[in-house]
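Number of protein chains: 2
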Amino acid sequence: MSEPEIKPRDNLQDHLREVQELLHRHKLVETLVHRQDMPRHDLVEGLVHKQHIQELTTRLDEMHAADIAFILESLPIEERTFVWDLVKAERDGEILLEVSDAVRETLLETMDRDELKAAAGTLDADELADLAPDLPDEVMEDVYQALDLEERAQLRAAMSYDEDAVGALMDFDMVTIRPDIRLEVVLRYLRRFAELPDHTDQLFVANRDEALVGVLPLGKMLVSDPERLVSEIMLTDPVTLRPDDKAEDAANAFERYDLVSAPVVTANNQLMGRVTVDTVVDFIREESEAELLNQAGLREEEDIFAPVLDSVRNRWTWLAINLVTAFVASRVIGLFEGSIEKLVALAALMPIVAGIGGNSGNQTITMIVRAMAMGQVDSNSGKRLLKKEVGVALINGLVWGGLLGVLAWWLYGNAQLGAVMTAATTLNLLLASSMGVVIPMAMQRFGRDPALGSSVMITACTDSGGFFIFLGLATLFLM
Amino acid sequence: MSEPEIKPRDNLQDHLREVQELLHRHKLVETLVHRQDMPRHDLVEGLVHKQHIQELTTRLDEMHAADIAFILESLPIEERTFVWDLVKAERDGEILLEVSDAVRETLLETMDRDELKAAAGTLDADELADLAPDLPDEVMEDVYQALDLEERAQLRAAMSYDEDAVGALMDFDMVTIRPDIRLEVVLRYLRRFAELPDHTDQLFVANRDEALVGVLPLGKMLVSDPERLVSEIMLTDPVTLRPDDKAEDAANAFERYDLVSAPVVTANNQLMGRVTVDTVVDFIREESEAELLNQAGLREEEDIFAPVLDSVRNRWTWLAINLVTAFVASRVIGLFEGSIEKLVALAALMPIVAGIGGNSGNQTITMIVRAMAMGQVDSNSGKRLLKKEVGVALINGLVWGGLLGVLAWWLYGNAQLGAVMTAATTLNLLLASSMGVVIPMAMQRFGRDPALGSSVMITACTDSGGFFIFLGLATLFLM
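Protein chains in written order, with our numbering: chain A, 1 to 479; chain B, 1001 to 1479.
Rather than coming from a laboratory, the hints here were simulated on the basis of the structure. Any given hint could be a false lead.
No farther apart than 25 Å at their CA atoms in a straight line, the calculated lysine-lysine pairs in the DSS-like style are these [claimed, not checked]:
(1) B/Lys1220 with A/Lys220
(2) B/Lys1088 with B/Lys1117
(3) A/Lys342 with B/Lys1088
(4) A/Lys50 with A/Lys88
(5) A/Lys88 with A/Lys117
(6) B/Lys1050 with B/Lys1088
According to the in silico footprint, chain A covers these stretches of chain B (three or more CB under 8 Å from chain A) [unchecked claim]:
(7) 1083-1094
(8) 1290-1303
Where is the CB? At the ideal position from N, CA and C, for every residue including glycine.
Can you make the complete structure from the sequences, with help from the hints?
Here it is, written out as structure tokens:
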């Protein structure tokens, strides 16, 4: 992708506003909707509109693909479709790669088979692999047939990896050189390119069997005497990735070692492709967004202008799970209805015990999950962490629980109720902290992602647990 | 930073395990603790230990600074301090830059003034600016005196910007060339460098007034005829940043335009410095982690081996806020104690209404906050989003609320109670969705970060609101 012609600073919002203005002021959308049954006397108005469409098209042509993607994501579906139709067909492919999954679906729906084929035809094998799951089979079939043998192999390779494996992040735009040539020859070889692939910060050095023997950073080449051999200058032990490595690990390596690109090699050290930092940045963003969305109980990224029913479906799962856990908590309360009838203050106080437990448990589990993701927790440190978290919970429980106990005493003039409140808060915080350590460690042991649903599970424990502890203690000591 | 000598794949965990083994098996820590009062007959054992210390030191010397940082973060404080003492003094600076803030504090505490000065002395001005807030004033004073005039100006510049401004991400390692020279001259000029600065993917082209007139990507230079002039090849309208731009916007630009570096210029287009993608990746990671931590009610990143009291302090704020909102909700219930006394089923059912409202509200607010962060929401789309969210809430409310109503009817044999349950659930979901849109939009209007505390606020609304709606309806229709 070439450098954008337009400075991004401030301009992105301006772009959006400009497009919206062109769309709204001249009622382009209405024109579009009514064009087919337009009466004769509207023809002049139609011509004016045509001029504005032309203006909009020109502006779109000047914009960077990523900026157009942003604008498409920011427009409601009707206007989005209209703008999408004005985009030059040969840019469809790169823009489809930039938009979010949810918006991509809405754009693909408006395209017929030939348009889809044309858009797919402009993409590299690795890009095609990203788009493939969203394309109809017959389109993919045609596109596949149009590829040459090498590209077909690349497409098959790229599609054979898990979404969260390095193979899925890999591209094939590498410049490969031999170790036994002089730098001057490399410089002459490079001049035969029309342009170097994006993010070429190093050349890959392979022997005649296509095995990677080193990398030659451009910076190192440029400061070296052109008479020297590649093999004298190259780094022989670069960071390499395997196609079935976890993408998360590759991202960590990029972050840790400040990489711009890294070669991907097979177990036999055969050079397969490379991963570049722009893909890694996108991956990191998507991961962290998925984590935030999951914590809030959204299954996936949502097009903010998605039809209501699509949104309902996206949020269904977690609401259902939440309903089940809430129902269980409700039945726990049901066990103690007799006690509540006798001392109705229990009903008012019990949500406090549950709530502070949930908050504290979420703090613990977030910290543990995060430390696990960074590989800093093993079974040794597990015990140590448990001890620490229980210590934190004990202090918090005694302090906040004590405060709550005094409040309850003051509100209801019942010292014993205050004591039960303090004890229940402390016990629920102890439960929260130990579950906050145990749940993610158990998830990891069973090979599950410790982050997934951790917040829901801990809250379920602290709700039901909190109600049970508080009402149980109350029944034992106050009835 | 140079390429690491060691491949990162698999090895990081191995490194950690190896260090831990060396530490544990030979009880190095105990040796350290008891060295001062070691009896004579332990001298032989001490010699053996010395040998293992030597082994550990050698291993550490071979490791990449980022890997040592990882190991330090993964070790409990006593062992961490011991390993830190074994690290070569000249590497202290770069490692301090790599570790998390919380761990950095524990490392700095162990260093005396001379060690701190020596460590700071190995850093560039922009790196020093990152470390400065953690260093004692007298150390910074000495370090500042040791800098040359240009470095002092750079340090002052870097420290004058907000943590979340581009100026704080900026470094000064640029290669600048003039527009009116031939590429061949540029190539010869570059050969005089011992090495190019990291992440040099483009040279900055400045005129004699140091105003930026373009950039020359290395890739473009390498494929061009060396006889041509820089001014013929350079890109004249690159993405540029201002030092007081928001770092978040710069990160978005890097992500959107797939940048490796970008020049930072003043309002007069004077070249000040540059931002590189490795800094941006670190920034993105830190931002998304801060967001996750805040959602869980943690004030800041926490050293997992922090002393209990430090952890208590970190979690205090949000627990206190949570306690206040829970107390308010409890008082709302208190208003209806009479009704609960008459119909104790209300106590068991009310947490369900509050809980599902909180879950649904968090879904809405997360989506809106995220769309806002990407600049996709203005006052126009605000109304549209509100309509959509209310629609989603209405469907969810009728479906789930209906289900809950039937359950309540079945459990308590009271059809009217079921109807109240359905109505209250629906109304609380409507409240949740509208507050989920209104709260972040109001925060933004008042210039606040819409993400901060959004989850706590929405949950406070849906808890108190849910209890009030459910118990209020029950009091009106069932009493």
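Hints and how they fare:
no. : hint                     : verdict
1   : B/Lys1220 with A/Lys220  : holds (17 Å)
2   : B/Lys1088 with B/Lys1117 : holds (14 Å)
3   : A/Lys342 with B/Lys1088  : violated (70 Å)
4   : A/Lys50 with A/Lys88     : holds (17 Å)
5   : A/Lys88 with A/Lys117    : holds (14 Å)
6   : B/Lys1050 with B/Lys1088 : holds (17 Å)
7   : 1083-1094                : violated (count 0)
8   : 1290-1303                : holds (count 8)
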